[in-house]
Amino acid sequence: MLYDVTIDGKNYRLDLSREDRRWSCRLDGRNVEVDAILARPDVLSLRIGNLAYEVKSERVANDLHLWVGSTRFAVEVRDPRSLRGRTRAADHQGPKKITAPMPGKVVRLLVREGDSVEAGAGVAVVEAMKMQNEIKSPKKGTVQKILVSESNPVNAGDVLAIVE
Amino acid sequence: MLDKMFKKILIANRGEIAVRVLRACHEMGIAAVVVYSDVDRASLHVRKADEAYPIGAAAASESYLNIAKILDVAARSGADAIHPGYGFLSENAKFAQACADAGVKFIGPTAAAMDAMGSKTRARQAMEKAGVPFVPGTSRGVESFAEAESVAAKIGYPVMLKAAAGGGGKGMRLVHAADQLKSSLEAARSEAERSFGDSEVYIEKAIVNPRHIEMQIIADEHGNTVYLGERECSLQRRHQKVLEEAPSPIVDADMRRRMGEVAVRVAQAANYTNAGTVEFLVDQRKNFYFLEMNTRLQVEHPVTELITGLDLVHLQIRIAAGEKLPFAQSDVSIRGHAMECRIYAEDPDNNYFPSPGKITLLLAPSGPGIRRDSGMYEGWTVPIDYDPLLAKLIGYGTDRDQAIARLTRALSEYFVGGIKTNISLFRRILRDPDFRAAKLDTGFLDRMLKRTEDAPVDSRKSEVAVIAAGIFAALGPPSSGTANGASSGDSRAAEATPSKWKAASRREVLR
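Chains as they are written, first to last, in the working numbering: chain A, 22 to 185; chain B, -10 to 500.
Rather than coming from a laboratory, the hints here were simulated on the basis of the structure.
Accuracy of the hints is not assured; some may be wrong.
[Unchecked claim] Quick look at which bits of chain B chain A covers, simulated, 3 or more residues with Cβ under 8 Å:
hint, segment
1, 260 to 271
2, 409 to 420
3, 449 to 460
Glycine is no exception: its CB is placed at the ideal position from the N, C-alpha and C atoms.
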């Protein structure tokens, strides 16, 4: 099983083979033997040599996080045989989606389609748990599209607007 | 005495405090009735209750703040008392009076005592007579901007604007200079009006970087009032407490006695009964000033319970049932040190924005010296409609260092997956050298958060994460979490069409 793993911007090539709970890992050309059990869904207990680790897996919206002890890693896993994994480019250019960071309700829209915005300018106000939070534009540009309206409920990761 | 004990108590609250009170009821052999809003059917307090009644829409005004609906449930269920918890109706004198009128015992002070204390300005007038030390300022709401201007000029900037009906930091504004007064006054007024339905705002001299220390008192209905020691609540963000401890590291036996005696005088001046808390601001020379009295059980009551060995909710219920306090002031002693972390659903990487959502994984700590008062469970979706407090993690030790060590250990065991929490904030606080040295004031947390912390990247841990990522992917999709945006290699490979797959593998060979 071959995987490309990106952790905090760094890429690793990982080749795994498994015999029961013994995993042979080839990590960037080195061999690592791992004893792994899935203690419960989303929790792995690992022994690498005699060092023991508990690793938790967490998905929030489109993000995958792994926690080794109390340290969190943002992780992307791709199968190198899959095409989709390859087409990743820095997307600082082109349209940028502005998403809701948490579930809540859109209480106010601060821009209209066609408005120009500065990086860091407020685009919408989302209310959750008695707090109003201003969602800001990540880049300077023009508001191409607004996908929500005032008093709309939204989920984490929902696209609020697109700035080009 | 026993025959007067309640048979059934209605808990007019939700979240961790509803569970806390419910547990006390069950410990005392009392049936627990709960109420819940439309979004709280799956909440823990409903799961644990003996009887549960829906009371309407998510908006608190339609449910947890609706006096008529709650009293209707009391009548239908035959509850003989109501525990209001904290927040919601807990400090609402109209509610306490309505309970009395309906013949249901309100577990807390009388409406009259609440009225005297609930409005900070009226409390102040009564207290001044009792010789209680105050921060300079107005003892009544300011009528106009002109009056505010002249008062502020007289006591000197910086000044603090506060909602008379307030609490929890709502309707509060720090004003550094005269040119900010007008906008701050308007903002404080409208926030007070929105939050409490009362726009009365008063002015006090702001004591820069004070400590916030409060004294727990308890009074029975037979004239006995005792103090149960202080809590240090200086660690705050946006005027909201984040971490509390007892005893305060700066309060010695003599200061405790003096503060305690003032607190008892405050309570007696208002004929106060049941549990209450007298809040003080303490300046750098350890002068203490009366701030306000909270006429309810506090969020942070567990730290007092751990160092006194008392159960405040049991005592509240016994007192409301007419029993005498089972101890005198001289029987109260303090042993060890306790510290509480308020676990909130909020995102530390995103300016502590609230982070409701589904809890996909919950690993909870236990072990020596650890108490956990929680309202969450794995699989529960934290609703967007209420305060983000999920749970309280309390550590206890023979001294402050041991309490910190146990709490640090327990935090490393605590894991809440699927939503963001402030657990990492407490790890940072507990290892901060100034915190460990107990150099605390209400500005501590803001200063700490302004410093960026270099997180050293542990290369061995990143390697473990890489290996674990591969093993998780190889074991297949996780059972929990949202199905969208799957990023596991397997599912992506499966989605790819055969021809693309072939093309990709050919390229792999040619590489």
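Indices of hints not satisfied (ascending): Of the numbered hints, just 1 does not hold.
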